[in-house]
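Peer 1: Can you build the whole structure from these sequences, using the hints too?
Top to bottom, those sequences are chains A and B. For the first sequence, this note's numbering begins at 3 and goes up steadily by one. For the second sequence, this note's numbering begins at 3 and goes up steadily by one.
Just so you know, the hints here were simulated from the structure itself, not pulled from any lab data.
Intra- or inter-copy, both count: the list cannot distinguish identical chains.
Straight-line distance between alpha carbons at most 30 Å, and here's what the computed DSSO-like set of lysine-lysine pairs gives:
id, residue 1, residue 2
1, LYS11, LYS88
2, LYS253, LYS191
3, LYS148, LYS88
2 protein chains.
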Amino acid sequence: MILINGESKEHIEIADRGFQYGDGLFETIEVRDGHAVFLERHLERLNSGCQRLYIPFPGAELLSFEAGELCRRWVSDTHSVRAVLKIIVTRGSGGRGYRQPDVIQPTRVLSLHPYPDYPEIYSEQGIVARFCVTRLGLNSTLAGIKHLNRLEQVMARAEWNDPAIQEGLMLDVNDHVIEGTMTNLFYIKNKCLYTAVLAQSGVAGIMRGIIMTISVDHGFPVIEHAFTKDELLSANEVFVCNSIIGIWPIKQIETTRFSVGPITKSIQSRLDRVINRELNSEQ
Amino acid sequence: MILINGESKEHIEIADRGFQYGDGLFETIEVRDGHAVFLERHLERLNSGCQRLYIPFPGAELLSFEAGELCRRWVSDTHSVRAVLKIIVTRGSGGRGYRQPDVIQPTRVLSLHPYPDYPEIYSEQGIVARFCVTRLGLNSTLAGIKHLNRLEQVMARAEWNDPAIQEGLMLDVNDHVIEGTMTNLFYIKNKCLYTAVLAQSGVAGIMRGIIMTISVDHGFPVIEHAFTKDELLSANEVFVCNSIIGIWPIKQIETTRFSVGPITKSIQSRLDRVINRELNSEQ
Chain A
3 MILINGESKE HIEIADRGFQ YGDGLFETIE VRDGHAVFLE RHLERLNSGC
53 QRLYIPFPGA ELLSFEAGEL CRRWVSDTHS VRAVLKIIVT RGSGGRGYRQ
103 PDVIQPTRVL SLHPYPDYPE IYSEQGIVAR FCVTRLGLNS TLAGIKHLNR
153 LEQVMARAEW NDPAIQEGLM LDVNDHVIEG TMTNLFYIKN KCLYTAVLAQ
203 SGVAGIMRGI IMTISVDHGF PVIEHAFTKD ELLSANEVFV CNSIIGIWPI
253 KQIETTRFSV GPITKSIQSR LDRVINRELN SEQ
Chain B
3 MILINGESKE HIEIADRGFQ YGDGLFETIE VRDGHAVFLE RHLERLNSGC
53 QRLYIPFPGA ELLSFEAGEL CRRWVSDTHS VRAVLKIIVT RGSGGRGYRQ
103 PDVIQPTRVL SLHPYPDYPE IYSEQGIVAR FCVTRLGLNS TLAGIKHLNR
153 LEQVMARAEW NDPAIQEGLM LDVNDHVIEG TMTNLFYIKN KCLYTAVLAQ
203 SGVAGIMRGI IMTISVDHGF PVIEHAFTKD ELLSANEVFV CNSIIGIWPI
253 KQIETTRFSV GPITKSIQSR LDRVINRELN SEQ
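Peer 2: And the structure:
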């Protein structure tokens, strides 16, 4: 189920700069009870990403309207109230080589996909993670943005096939641990949460931001800093997060084991409440 | 004029990983006298890029055949024997998020475009270049490959609009000068050519490789090394190159002027001869 610039289509022109150069941005959003969760925040991030890449933002009202329209169709066609909404905004077509056109007409693509069938056990009992060999490059121009240049993640995810490993953790070229291939990463030590600084690489996830707010409100300070594998492995609790999975505790990184600790569980249950409040306010 | 997997089409499905993640590669090739120049070398590089990204190579014979087919149509439809051929190969559709599908069916897109109307004077009297603020990230996994993650180049090219400046030179995050936004860069000092090492960033251009061979054959050694702005600005001659423009001498970088020197001119004329020999052997 796809809307391209408001029309039901499944194809994009070859000349689109999203295809030619990865010249665009995206958001991946959970649809629960037929509603796009934290849609407003996702659209704010998309707006700020557009500003950083000088792409005109198509507008929160328009994107909200189209997202709602797609969700209604999804519920009515599939009789499912859960899905994943992906919004892509590109710089559109035109320009000369890398040079952007004088007048940018962005392309917007909204698509709905079945919610992935991750076992509940991942949230409850934790997952197994590994360190990837593929590194994240450093580039402050693109750091933090959820842009369409995702070859680093594709290459990192291609490193393992073992279904017993659910996520790969990525380091930057300076040996700092940054994030998972599809998640942000937190560790907990002495009742304090730690997560990577995203000034040179990584994606500043919506769920990461929400968890930071929840933690601080809950009395657990959050520190963004640069940390190594060894610092991570000496943590009391570790978890990864994104907008689709929520929070997955990590029970094992390579040979180091962790327990699903009380602070992770407490943040998980507060996150559930925040999401439910958000959904109730929508309805 | 576009061929997608052998069929005349202008659109690609949204699910294509080239659009979703920039998960693919490309080649930009000059068409002169109706023939794709150095096609064999471009296809060799495409093959080695595919190997590095674990994308099955569609095959040199098939791509050559389709390129020839497109060139014939172009000459017959436009009555022009000059054009730009772009070949894109992506990982196709499918997979789960960043994870590639178990069976990869690559997408190949061949398209022909009018040859850009760069003034002859650029080759003869040189161009003006500037240093870009946007840096190239470091990542050995992707360095040297002509992949579809090109936001760094797009952002760098968006830094200036002044038509008097023809190219922007990019540094990596360690302050080493690497290349132009759409070109590779050489400088000449004491009868020796210097160009950047491309182990951590940059695109290993076909024209760069040809020029390195020509120079060495011609008695001018070529040294790949890491160099700074200051080292570049102290050069006797500077030029940029790619498969479409050939060689453009640089006559000015910001406030530093250079003359179009004898070694650059000599390499330019040898390059012309190499291209003509290549075209004659094709016909």
